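Undergrad: Sequence:
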Amino acid sequence: MAAASIYDSRNPGMAALAAAALRLLAAVAVVVPALLAGPAAAGAPPFSCGPSSPSHALPFCNAKLPAAQRAADLVSRMTPAEKVSQLGDISPGVPRLGVPGYKWWNEALHGVAISGKGIHLDQGAVRSATSFPQVLLTAAAFNDNL
1 MAAASIYDSR NPGMAALAAA ALRLLAAVAV VVPALLAGPA AAGAPPFSCG PSSPSHALPF
61 CNAKLPAAQR AADLVSRMTP AEKVSQLGDI SPGVPRLGVP GYKWWNEALH GVAISGKGIH
121 LDQGAVRSAT SFPQVLLTAA AFNDNL
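The numbering of the sequence shown is this note's numbering, which starts it at 1 and goes up by one.
These aren't lab readings, by the way, just hints derived from the structure by calculation. Computed from a predicted structure; not experimentally measured. Be aware that one or more of the hints could be misleading.
Simulated crosslink set (SDA-like; lysine to any residue; CA at most 25 Å straight-line) [to be verified]:
no. : residue 1 : residue 2
1   : Lys-103   : Asn-145
2   : Lys-83    : Gly-101
3   : Lys-83    : Ala-57
4   : Lys-64    : Gly-88
Label-pair restraints from in silico Cβ distances [as the list claims (entries may be wrong)]:
no. : residue 1 : residue 2 : range
5   : Ser-91    : Ala-141   : 23 to 31 Å
6   : Ala-57    : Gly-88    : 35 to 43 Å
7   : Asp-73    : Asn-143   : 31 to 39 Å
8   : Cys-49    : Arg-23    : 14 to 22 Å
9   : Leu-22    : Cys-49    : 40 to 48 Å
10  : Leu-22    : Pro-95    : 47 to 55 Å
11  : Phe-142   : His-56    : 54 to 62 Å
12  : Gly-50    : Ala-21    : 35 to 43 Å
13  : Gly-93    : Arg-23    : 42 to 50 Å
14  : Pro-95    : Pro-66    : 24 to 32 Å
15  : Ser-52    : Asn-145   : 46 to 54 Å
16  : Pro-59    : Leu-22    : 18 to 26 Å
All residues carry an ideal CB built from backbone N, CA and C; glycine is no exception.
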């Protein structure tokens, strides 16, 4: 005699439990991918050279060109005000070229003490962070030994 299946009418409690589990599994199979895809697509940062970018077909988006040529093309398309806006750690971006804004906050050379929710060294025994020379300023010294 064969063993009774859990779906057998002789075991109605298990049949109802199996049906509920199957409905739950079907709901999870539909809902989870939608939840994972929604925030990923909505929260994904804009990509300067993505297919929907206004600059997609411009030379600075052509990965086959040398980096120096691409950089020169991008900079040549920027206004003086747009160039200046890129000099800080917070930039509004250049929307007309598809360049997204950014917030670098700290470069960790001397700004670690003021890094928002991170480490704060303004109270207690340690009141500041070590300050290293800025890489750009070291290069501007024209001293090969630095």
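Undergrad: Each hint: holds or not?
TA: Hints, one by one, checked against the model:
Between Lys-103 and Asn-145 the alpha-carbon distance is near 32 Å, which puts this suggested pair outside the 25 Å criterion. As the CA atoms of Lys-83 and Gly-101 are separated by approximately 13 Å, the hinted pair is consistent with the 25 Å bound. In summary, the hint linking Lys-83 to Ala-57 is supported, as the alpha carbons are separated by about 21 Å, within the 25 Å threshold. Only pairs whose Cα atoms come within 25 Å are accepted, and Lys-64 paired with Gly-88 is rejected, the gap being roughly 29 Å.
Distance hint check: the CB atoms of Ser-91 and Ala-141 are about 26 Å apart, consistent with the given range 23 to 31 Å. For the pair Ala-57 and Gly-88, the beta carbons lie near 29 Å from each other, so the given range of 35 to 43 Å is not met. Distance hint for Asp-73 and Asn-143: a CB-CB separation of about 32 Å, consistent with the stated range 31 to 39 Å. Judged by the Cβ atoms, the range 14 to 22 Å given for Cys-49 and Arg-23 is violated: they are separated by roughly 45 Å.
Take Leu-22 and Cys-49: their Cβ atoms lie about 46 Å apart, and the range 40 to 48 Å holds. The hinted window of 47 to 55 Å between Leu-22 and Pro-95 holds, with their beta carbons roughly 49 Å apart. Our hint of 54 to 62 Å for Phe-142 and His-56 is violated, since their Cβ atoms are close to 40 Å apart. A C-beta distance of roughly 42 Å is found between Gly-50 and Ala-21, which places it inside the suggested range of 35 to 43 Å.
For the pair Gly-93 and Arg-23, the supplied restraint of 42 to 50 Å holds, since their beta-carbon distance comes to about 47 Å. Look at Pro-95 against Pro-66: about 26 Å separates their beta carbons, and that is inside 24 to 32 Å. Distance hint for Ser-52 and Asn-145: a CB-CB separation of about 48 Å, consistent with the stated range 46 to 54 Å. Taking 18 to 26 Å as the suggested C-beta distance range, the pair Pro-59 and Leu-22 does not conform, at roughly 56 Å.
When the structure is compared with the earlier hints, violations turn up for hints 1, 4, 6, 8, 11, 16 and for no others.
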